[in-house]
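Guided by the hints, dock chain B onto chain A, whose structure is given.
Chains A and B supply the protein sequences, listed in that same order.
The C-terminal position of the first sequence is numbered 1916 in the numbering used here, with every residue numbered one higher than the one before it.
The C-terminal position of the second sequence is numbered 1916 in the numbering used here, with every residue numbered one higher than the one before it.
Just so you know, these hints were derived from the structure itself, not from any lab.
Just to be clear, a hint being listed does not mean it is correct.
If several chains are the same, the list does not tell them apart, and a pair holds so long as it fits within one copy or across any two.
Stated by the list, open to error - Here are the simulated lysine to aspartate or glutamate pairs, EDC-like style, with alpha carbons at most 20 Å apart: (1) Lys1793 x Glu1761; (2) Lys1647 x Asp1632; (3) Lys1654 x Glu1638; (4) Lys1477 x Asp1713; (5) Lys1532 x Asp1571; (6) Lys1532 x Asp1717; (7) Lys1477 x Glu1645; (8) Lys1852 x Glu1790; (9) Lys1472 x Asp1732; (10) Lys1477 x Glu1619; (11) Lys1654 x Asp1643; (12) Lys1647 x Glu1685; (13) Lys1476 x Asp1786; (14) Lys1652 x Glu1685; (15) Lys1751 x Glu1859; (16) Lys1654 x Asp1644; (17) Lys1654 x Glu1586; (18) Lys1763 x Glu1865; (19) Lys1915 x Asp1872.
Number of protein chains: 2
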Amino acid sequence: MTIKTMLKKINTLTDLQEITVEGWVISNRGNDKIRFITINDGSSVSNLQVVIKGDLNNQFNTDKILMGASLKVSGQLHLTPEAKQPFELNASNLVLINNVAEDFPIQKKETTLDFLREIPHLRHRTNLFRAVMIIRNSLLFEVHKYFQEHEFLNVAAPIITSNDGEGAGETLLVDDESKDYFFKQKAFLGVTGQLHAESYAAGFKKVYTFAPTFRAENSHTSRHLAEFWMIEPEVAFYRLNNIIDLADDLLKNAIRNTINNHPDEMAFLDNLQNNELLPTLNKFLDKKLTVIEYKDVVEKLKPFAEQFEEKDIHFGMDLASEHEKFLSDKIVNGPVAVINYPKDIKAFYMYQNEDNQTVAAFDLLVPGIGELIGGSQREERYDKLLQRMNELKIPQEPLKWYLDLRRFGYAPSSGFGIGFERLVMYVTGVSNIRDVIPFPRVAGSIKM
Amino acid sequence: MTIKTMLKKINTLTDLQEITVEGWVISNRGNDKIRFITINDGSSVSNLQVVIKGDLNNQFNTDKILMGASLKVSGQLHLTPEAKQPFELNASNLVLINNVAEDFPIQKKETTLDFLREIPHLRHRTNLFRAVMIIRNSLLFEVHKYFQEHEFLNVAAPIITSNDGEGAGETLLVDDESKDYFFKQKAFLGVTGQLHAESYAAGFKKVYTFAPTFRAENSHTSRHLAEFWMIEPEVAFYRLNNIIDLADDLLKNAIRNTINNHPDEMAFLDNLQNNELLPTLNKFLDKKLTVIEYKDVVEKLKPFAEQFEEKDIHFGMDLASEHEKFLSDKIVNGPVAVINYPKDIKAFYMYQNEDNQTVAAFDLLVPGIGELIGGSQREERYDKLLQRMNELKIPQEPLKWYLDLRRFGYAPSSGFGIGFERLVMYVTGVSNIRDVIPFPRVAGSIKM
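With the rest of the complex left out, here is chain A:
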């Protein structure tokens, strides 16, 4: 039984019950007569206290056991309902599987996040990363579960594509050692699975991808990675308002279930955020999502223009991260969906509204992070789509198949992309994206 299961099924545990636990040492204190070794088995941020009494300490050389060592312990459970930890283990047998060398870099003393980023293979053996990775895993499964329960089909959009990401030049290239066009043409690492997902939505109706995506991002911000995971649902017969409702419902379900299923991890993370994390998340869960027109956002930001680095607030501007954060942090004070952006700052495939100025796009912004989701209703009209591609000088030939979808029974289709790591940041309160993915990849560095 794992520590998590014991905590969850505490009412089924009985005093003096025999149990066996395998795990790693978190701390070891005491003396020759009695020793308290706390161990963690990876199932929870909570630990189990093991008590070793009398001669057993000599027998098992418990004073030699260091933080980080792997152990197998058996003994009797001792229920302690009055204590902070509701049970402990009185050891009758203990096997030291593997002790640690003295240069084990995870120690009781405080370490910096910068230092821990140098050792991504070991940093998960701290409370913080244990909690973050458990929450990450929960969100991943909740997202899959939500889509499956709502009859979405998972689609493996290709990672290697001929799509250069709309020529933004921020795409990574793939080739074999000979650099001789392994795929007989230039090949890129996908920046999105959307176009491929659209082709599957036209037939399966409700589909989603959940896969790595890539950017040759040279900026070293706390919000960007060269490799990150994206969730991209696409639904045929859906329009902009339907897909915003889907985004809101998906987020609320995944976050609510994660909070409910991981009280210890969330309490730990909340504590690190001065107890502001859970109230913020709960406020989002309890409130209807705010939806606001881009043009109204511009008017709402104008009075605060002097506070921004980019002070020229006008219709047609792309909202910078500072504007997005100000909107969600200060004006709305919660998540907000901004809709109907000027077409010139959005992608060619978005549905052109009747005003001839805007497209049926939305960005979902959350406090502290800014953009968490970007999506749109897609242009279903062949002629309109072709015309927009021509205006933007996007070559037709590579996207002929995509245009053709509109000639073969295409229904209105809408979708969005969630940057999965940004979602993990939002739910854990962690402020640097490199700390919510096991092995972060950024320009100029591959650690492990």
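Leaving out everything else, chain B in the frame of chain A:
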């Protein structure tokens, strides 16, 4: 309500109930007075027959509606318990959303798989690919569900790595447009998440990856792709026998639930395989997995040596696909785990057995496909691992972090990799791996 839900909850449906369905036309036959349009909504391989009577045909121009068109239909359900299809829809309203152009390449007449491989964005609009992709989705979710219910943590192993795949030269390289070492060193697309998963197992105990992996495979076989998905569990405190049990239990659960939840798709696929698919799968589900020593396999194959292209059957040989298939197809007649391979044909990180000749590895072979799973207990002894790396001239420096895991509380650890597309082949009976992934990537070609 989707067609799948209606079929599943057939007992809750009532005659004359009002329903609305959105989907795509599979066939359209009849005359001015009565028309039968079958539509599919992507939820199932089963279709819904829509009956349009009398003047409604003129009103909705039903004779102009082509196969592949998208429709929205409302009307009354008519239960037909005596018929093959247990219900049909009497249309009272019909909206043609988007008809198809005449060059829509999916037509009633038979098309070849080769032809369909040229149009991966449209081939899912055939019964075969609809069934295959629904089964693929089911297997994906069943795998996640199994691991989550057994308290495994999903780990995002990095896709971009500094690991050249043990120098096999079959690794794809990544760089930006300038080809100037975007990551300040040679960067590769991962061939496995195992080494990284091991570091997380040493702390979380039970972890798994489920992600794309890559090979610069130049062979054009029906079993290889340049881009495919791998499932890689890794469990600390597990030894070889434990991980084989895990593989067996995981496969049986995922396959059993998929068969139970998708009777229509499995019946359709079984029918394509002369009704041999379901009996084969059920035989596997009902039987304990056969486990056999590599050295015994060699003895069992020797009498059949003349049947193989590679006739020199001896201890130390690597089993070719023809040998693996013969073993599982003819000798065992079902899935079989071969264990304890000669160390010289296996990877450096595998646990060295006491005989000094073999390693604690296993391959799980299945009829018709050959290798579905490869795994091992890992070498937990620092000195033994280092010695093996030296023997094989594997540079120490890039793997120092991996070696170091053994110095920092490493417990015995075991894991395996399942080629997800091979699992889909096994369960669907499809014989070419390019037909079980939406957009297959092989040397020399990127379609869409």
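Hints, one by one, checked against the model:
1. In this assembly of identical chains, Lys1793 and Glu1761 lie within 20 Å of each other by CA distance solely inside one copy; the values are 16 Å within and 61 Å between copies.
2. In the homo-oligomer, the alpha carbons of Lys1647 and Asp1632 lie at most 20 Å apart both inside one protomer (18 Å) and across protomers (15 Å), since each shortest distance falls under that limit.
3. For the identical chains of this complex, Lys1654 and Glu1638 are neighbours both inside a copy (14 Å) and across copies (18 Å), given an alpha-carbon limit of 20 Å.
4. Taking identical chains as interchangeable, the C-alpha atoms of Lys1477 and Asp1713 are never at most 20 Å apart, the minima being 36 Å within one chain and 26 Å between chains.
5. Taking the shortest alpha-carbon separations for Lys1532 and Asp1571, only the intra-copy value of 15 Å comes in at or below 20 Å, while the best inter-copy value is 77 Å.
6. Neither within a single protomer nor between protomers do Lys1532 and Asp1717 lie at most 20 Å apart by alpha-carbon distance, with minima of 52 Å and 39 Å respectively.
7. In the homo-oligomer, the alpha carbons of Lys1477 and Glu1645 never lie at most 20 Å apart, since the shortest distance is 54 Å inside one protomer and 55 Å across protomers.
8. For a Cα distance limit of 20 Å, the shortest separation of Lys1852 from Glu1790 qualifies neither inside one copy, at 33 Å, nor across copies, at 54 Å.
9. In this assembly of identical chains, the alpha carbons of Lys1472 and Asp1732 lie at most 20 Å apart only when taken from the same copy (9 Å versus 39 Å across copies).
10. Taking CA atoms no more than 20 Å apart as the test, Lys1477 paired with Glu1619 passes between copies only; the shortest distance there is 14 Å, against 31 Å inside one copy.
11. Taking the closest pair of Cα atoms, Lys1654 and Asp1643 come within 20 Å of each other both inside a single copy (8 Å) and across two copies (12 Å).
12. Taking the shortest alpha-carbon separations for Lys1647 and Glu1685, only the inter-copy value of 14 Å comes in at or below 20 Å, while the best intra-copy value is 22 Å.
13. In this assembly of identical chains, the alpha carbons of Lys1476 and Asp1786 never lie at most 20 Å apart, being 48 Å within a copy and 48 Å across copies at closest.
14. For the identical chains of this complex, Lys1652 and Glu1685 are inter-copy neighbours only, at 14 Å across copies versus 26 Å inside a copy, given an alpha-carbon limit of 20 Å.
15. Within a single copy, Lys1751 and Glu1859 get their C-alpha atoms no closer than 43 Å, and across copies no closer than 60 Å, so neither meets the 20 Å cut-off.
16. Taking the closest pair of Cα atoms, Lys1654 and Asp1644 come within 20 Å of each other both inside a single copy (11 Å) and across two copies (12 Å).
17. For the homomeric pair Lys1654 and Glu1586, the shortest alpha-carbon distance between copies (19 Å) is at most 20 Å, but the shortest distance inside one copy (34 Å) is not.
18. Neither within a single protomer nor between protomers do Lys1763 and Glu1865 lie at most 20 Å apart by alpha-carbon distance, with minima of 35 Å and 56 Å respectively.
19. In the homo-oligomer, the alpha carbons of Lys1915 and Asp1872 lie at most 20 Å apart only across protomers (14 Å), although the nearest pairing inside one protomer, at 43 Å, exceeds that limit.
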